[in-house]
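Student: Keeping their order, the protein sequence lines are chains A, B, C and D.
For what it's worth, my numbering labels the leading residue of the first sequence as 3, then goes sequentially.
For what it's worth, my numbering labels the leading residue of the second sequence as 3, then goes sequentially.
For what it's worth, my numbering labels the leading residue of the third sequence as 3, then goes sequentially.
For what it's worth, my numbering labels the leading residue of the fourth sequence as 3, then goes sequentially.
Be a bit skeptical, because a hint or two may be false.
No distinction is drawn between identical chains; accordingly, a pair holds when it is met within one copy or between any pair of copies.
What the hints assert, rightly or not - Only pairs whose alpha carbons sit at most 16 Å apart, straight line, appear in this in silico EDC-like list of lysine to aspartate or glutamate:
no., residue 1, residue 2
1, Lys218, Glu248
2, Lys218, Asp141
3, Lys77, Glu282
4, Lys218, Glu179
5, Lys121, Glu322
6, Lys77, Glu264
To be clear, the hints were calculated from the coordinates, so they are not data collected in a lab.
What follows is the residue order along each chain.
There are 4 protein chains.
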Amino acid sequence: MVINMTADATATELQHVIDRVIECGFQPHVTGGSERAIVTAVGSGGSPVALETLKVTPGVAGVVRIAYPFKLASKLARSGRTQVNVGGVIIGGEEAVVIAGPCSVESREQIISTAWAVKAAGATLLRGGAYKPRTSPYDFQGLGIEALRLLREVREEVGLPVVTEVMSINDIQLICEHADMLQVGARNMQNYDLLRQLGKIDKPVLLKRGPSASVKEWLLAAEYLLAGGNNNVVLCERGIKTFESEITRNTLDLAAVALVRELSHLPVIADPSHGTGKRELIAPASRAALAIGADGLIIEVHPCPERALSDGAQSLNPDEFARLMKGLSAPIRPVATAWTAATASGG
Amino acid sequence: MVINMTADATATELQHVIDRVIECGFQPHVTGGSERAIVTAVGSGGSPVALETLKVTPGVAGVVRIAYPFKLASKLARSGRTQVNVGGVIIGGEEAVVIAGPCSVESREQIISTAWAVKAAGATLLRGGAYKPRTSPYDFQGLGIEALRLLREVREEVGLPVVTEVMSINDIQLICEHADMLQVGARNMQNYDLLRQLGKIDKPVLLKRGPSASVKEWLLAAEYLLAGGNNNVVLCERGIKTFESEITRNTLDLAAVALVRELSHLPVIADPSHGTGKRELIAPASRAALAIGADGLIIEVHPCPERALSDGAQSLNPDEFARLMKGLSAPIRPVATAWTAATASGG
Amino acid sequence: MVINMTADATATELQHVIDRVIECGFQPHVTGGSERAIVTAVGSGGSPVALETLKVTPGVAGVVRIAYPFKLASKLARSGRTQVNVGGVIIGGEEAVVIAGPCSVESREQIISTAWAVKAAGATLLRGGAYKPRTSPYDFQGLGIEALRLLREVREEVGLPVVTEVMSINDIQLICEHADMLQVGARNMQNYDLLRQLGKIDKPVLLKRGPSASVKEWLLAAEYLLAGGNNNVVLCERGIKTFESEITRNTLDLAAVALVRELSHLPVIADPSHGTGKRELIAPASRAALAIGADGLIIEVHPCPERALSDGAQSLNPDEFARLMKGLSAPIRPVATAWTAATASGG
Amino acid sequence: MVINMTADATATELQHVIDRVIECGFQPHVTGGSERAIVTAVGSGGSPVALETLKVTPGVAGVVRIAYPFKLASKLARSGRTQVNVGGVIIGGEEAVVIAGPCSVESREQIISTAWAVKAAGATLLRGGAYKPRTSPYDFQGLGIEALRLLREVREEVGLPVVTEVMSINDIQLICEHADMLQVGARNMQNYDLLRQLGKIDKPVLLKRGPSASVKEWLLAAEYLLAGGNNNVVLCERGIKTFESEITRNTLDLAAVALVRELSHLPVIADPSHGTGKRELIAPASRAALAIGADGLIIEVHPCPERALSDGAQSLNPDEFARLMKGLSAPIRPVATAWTAATASGG
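With the rest of the complex left out, here is chain A (with noise of 0.2 Å):
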């Protein structure tokens, strides 16, 4: 249940509203702040119908039921989009954000040039995975914490903020003095205890989808982050498993990216590189995901795809991607109508 305060409503009636959530058995959840505060009452051992009654109470502007189970990431539990703030970058902001950047941090020479050249090419994030979450136990785990001190290195020389993943509850404290955002990747989405943890911090996360998650699913681990207190979450579209694998890594579903915006306050990003694994499909599919409605794309630049030491054949070079970038602002294909058409035919 959420309930909407009305813009002039006082402390005391919203203190009011507190405590008969409290009284009806679940917990009070504040959002809105200055301008119009939202109350959502959550958990599942209290009454929704003697919380209905709220409606007619002074200072409250309405009382909706939320039929989805994700309470707090729902649209309705906000007025506006949020807006994440990373290092000064805004995401969910009227301009979108390109996160870009190495899979793997190699080494500086490799991160400090691929940072410079993703720069150039206009990304206002770094991306760099310091520990890699790898199907085989023998296959290169990323450096660890010299990697986070070559990222937070090239941050302050190339003044580009930073993410990172976080696969440890451990790590969580490390990584939060090196990078402005923690990447909870694909196969830790249901990692709840992870999920609880990072609730906890002031940094934002950025949560990519499970590779069979439904977008339910999703929300709802979201709502692990922002139940735990953690308002500063981008939800990452990165491909699902599907039967189709043979010439894709992943099926991209883009559609997801339209309906998380229906119905979530969150932003959302595509992750075209996981999402295709295929080097040529990568800028139609960042086009195709700015279209449909993202607020960002992040993407794998190598300066040296071919000797990545992981995922080098979804990588773009520098040259590749600032290709990519410029073709972002280029014009969707005009339509012919029936206008133009019987012009056409008629000519």
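Using the hints, position chains B, C and D against chain A.
Tutor: Just chains B, C and D now, kept in the frame of chain A:
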């Protein structure tokens, strides 16, 4: 194997190549005509090694081995992209085209009012089902020949060429007399008996992707049409079956549109109505489809979706469709670059 | 809605019920015959509420609403399980049956040696493809009528009834003259034109599940056959398309066999050859299919799998098949109980 | 690469092989112990060609290249099948074992009555959740440490070793003190941080397959445990996510059980409760799992399923479970052979 002839190859040289292809155990398919002929050698019984010696033959520009099993549908089999003429409307040209209309033809009044409405909004082709493939034998199966007559009548009156589905080889002749393009539905994509018959007609065919067909299987279904002699084939991505079916009906595989353009010379359009099954997602998915390279869209429009005899939940009413058409020419969201962002955060 | 008549209902009482069903806006289907008639009311236009009043009518034992959209295929539509007689062999009786033979009929020698071999090993029905649905138009498409003649010849000589696939409505008559059971392949499960024609014949039909068909869609495909008047329908689970296709070709959905037995009165068999696509898994999967309730198995056997013109990788040779047949009667692995385990660990 | 030593190889010969493996750039893992040592060379940086020369070294019986990326989990890495001892109960021996109990521990009364009931019916291990991974943060999350204490108490009283899930690396120590086997749930199958920590403990681990994990990915997750030094790993097939989710919750991939036995020496059990999510299918699926080669079953049993705090719809009550256990020893359905059928139709 594809043998590209030089621009100045003589008829004798071409005939020699054709003879060699047959001697080597393949069937020759010649395309390209006036400008620059291309000979495709098909069949699995021949000797590719023997054929490769053709590359030093007079009049031959080059010999290319095709890795994928679709040969005539492959990009390598033709020097440019195919354009398909449907009653005067070109699919695959510079401009994208929009096919619109109801799932099923239900009455004269319904189809004519829809036709005028979609034309006014800018559609250049009319869709409407006469024979409907329905999961249950007890659901409405279409008006059949009565619907075909109405479609022909409306085509004359409104001036939009007509696309309609064919389900039975027995109906091909009749539909050819009434419509401008025959659609093969998703469930019949691997109905090879139907494909073989449609390979022999001279009307264009719209081949929908099967709900669990890989892109390779889809292009091989097109290959049946091309191998039969019908070069006027348009592909249509309409969503695939995945684990996600609670909120959306199918998963629209937009990257497959880009992939088809990488692999084949055939035009490819998208069906965001079936592809998402959810009214709110149709307009954003349409924009994304054009952004990723689709040659057009096919969209369900019904004068009164809630009373439609089939697919009401995913049909737009004429006003919604007109808004969608206007939105197609809106610019893609701008991207914040390192410079604009610096300015913003510096303010 | 299903109206169960009492065992002693008179013909007049039955006729009265039939008339009422029509008055209420449904079409009546009568089954059960001599013993205890069952009237199924089909169609979506009628009034179920009106029909329910029939429960107090003389001769009526009860009226049951069917929640699932398949009516004639539903367990509720018949008092026992259906048995289908294929040239004297009963599918759906107390004993399971095994259908075996090559993917395609390739020569007289090949089919006759296979027939004798599978009979010697215990198979009671012979399979063999005359018309093959192939993904590529350039693959071997079957010997057609020549194969049908060979199958008929071998049937006489060896004494095994014959099952073969039908792909075109034009071939139905011819196949009926040569074979004992017509198979609808997975790709044609929703070829409604074919299903409607097969609903009119008096030969049994083996209906394979489509690679992405839900159990509900599969039973609705069977409903097309039953609604057409053909009650001799056997279902066949043959594996579905999932994300797992690297090692196995399909995912054999054995729980669907148990589910069909829960929902329907129709016999259901399993195809572990296509269902797994991997020779080593066929024998264990066959045992599991019988353990979960399958009424039989259909298994590919070829005298020389590595030379087979189609599906060699999943065909067994006659010796492997004979071993599989022997293994079917081996007891299931015993379970350690708390007592035996106590003894073991106490020793 | 796997180097099999001869039965009479000396310690010096073994040491020489180990040294060579290190020289060639791999890490050596030695298994087999007393009888016949096996050295597995893991890592991707070494030279397989150099290693192959070991085949002519004294004490070496043979050198095998392993095609699949899982090395220690591969069948080739061990001479027989692994048996895992869980508090005195052997998984992977001649007899299959049944693990039973409630989804969550809810109260002393509930867990103790269930334990006595499942023991009486023949189960030899008790399951019960203390920490529950739940899709929504608002659902019941388990009783935590209180549940662990109850499980230990019940274990002493009833005499059944206990299996319970671990979700956080912080809980590993505590759970090891209270339970006999730690379960990694499906959503954590690729939580590599957790797997690495569990590789270091000396308690057995039950590793559930992820809902969209291929068999290869699953065995690689087991490889993390084995590479860490924990050889007591049991795999558990629990159903995968497919397009079919309307009637059944997951698709139980029983062929994967047979496939694991082909590829690996590790024991593998099946979970028909989660695997089907439908009460009526659990008993037949259990029989099929044993028939296909599963080393055991894990089944949800609750004294009063309709009041269960989690997974009630797929839990059996004690009576249903007792019937299931009795059914496990029933013979598989007999197969009609050509002779019996001939007799039957000749009669």
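Student: State whether the alpha carbon distance between Lys218 and Glu179 is at most 16 Å within one copy, between copies, both, or neither.
Tutor: Neither. Shortest intra-copy (32 Å) and inter-copy (37 Å) distances fail the 16 Å Cα cut-off.
Student: Are the CA atoms of Lys121 and Glu322 at most 16 Å apart within a copy, between copies, both, or neither?
Tutor: within (14 Å within a copy, 41 Å between copies)
Student: Go through the copies and call it for Lys77 and Glu264: within, between, both or neither, with a Cα cutoff of 16 Å.
Tutor: within (7 Å within a copy, 38 Å between copies)
Student: Under a CA distance limit of 16 Å, which applies to Lys77 and Glu282: within one copy, between copies, both, or neither?
Tutor: between (35 Å within a copy, 15 Å between copies)
Student: Could you figure out if Lys218 and Asp141 sit no more than 16 Å apart (CA to CA) within one copy, between two copies, both or neither?
Tutor: between (32 Å within a copy, 15 Å between copies)
Student: Pop the pair Lys218 and Glu248 into one bin, within, between, both or neither, using alpha-carbon distances up to 16 Å.
Tutor: Between copies only: 9 Å across, 27 Å inside.
Of the numbered hints listed earlier, the single one contradicted by the structure is hint 4.
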